[in-house]
Amino acid sequence: MTSVYITIDNEYSSGLVSDLSDADRRDNFARSIACLTPDGPAGITHKLAMFKRHGIRAVFFVDPMPALIWGVAAIEDVVAPIIEAGQDIQLHCHTEWLGIAGDANPLSSKRTGQNLFDFPFEDQCQILDYARGTLIAAGAPRPVAFRAGNYGANDDTLRALAAIGIRYDSSHCPALPQTRSRLSLGPETRDPVLLNGVIEVPIGSIGKLDGGQRHAQITALTLNEMLAAIRHARDTQRPNFTLVTHSFELINRRKQAVNWIVRRRFEGLCRKLGMAPGISTDNYRDTPPILPNPHAHSEPLPASALRTGQRLAEQLLSNTLYGAT
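Its first residue numbered 4, the sequence shown is counted upward by one per residue in our numbering.
Because the hints were derived from the structure by calculation, they are not lab data. No false leads were mixed into what you were given.
Quick list of in silico lysine-lysine cross-link-like pairs, DSS-like style, CA-CA up to 30 Å:
1. Lys55 with Lys258
2. Lys211 with Lys275
3. Lys275 with Lys55
Using the sequences and the hints, build the whole thing.
This is the structure in structure tokens:
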């Protein structure tokens, strides 16, 4: 069996913050987490319902850093429905909130930065310890896995995770340039690898016509591309494949309107994976990723002119009708 990890980064948007009031928090929650629209919610509760309907296990990476300005209750609102649905919660962290927090910045250095790699090892340990403690205080079990906001990790991040007892990281995206992540891994690392005391679990990818890779994100690939990539992983005996989405990706947050193309893509993925032979959807709590055969060298799904053309047409239509998330 090939384990497919559907991972959802659940995060308030620092870009939507205005006056830090409770009303500001509720509006941010409505746009970024619940994703309330005239056509009903398309965020966390919608995804949980889809997973239940199709028997999907998923991984919810939750960012607790907004508690710096809105308190732990703001994170409890994110955690509670996931716990109630029996899904897996792991740790996410956007360090942009340190700059917004002002005097509430928990670092002894009071340093701020957009990514974890902007901070020295000691500060990263403090940030991750605060984030983990806050997530647990909000009702989540002790996390065993982590993903950096913006994929902005470096080797010190892995050392810091190991130091606080977090076993897995999923911040390496081989399809994206090194400006996003500064881990000492290249685009050829597409399967889990042990690095600095942590098992690094890369984001999935497919081949591009120019020889590069495209990352396996709900808004970046068509349904056909995602399913073809998963079947390719199964047929080449890869132990696991990771997909990424966000709490808000099924809508345009500023317009609070459903993106029906992406929503149907997501729903189609859940439906197909729920009955796919040789494939299971898994999580870090119950069935964490395993290291592959050390002699294995996985290649991504080869590029296809037909699939690429279909994606370009679909993305053009999506952006024209609905705009960016």
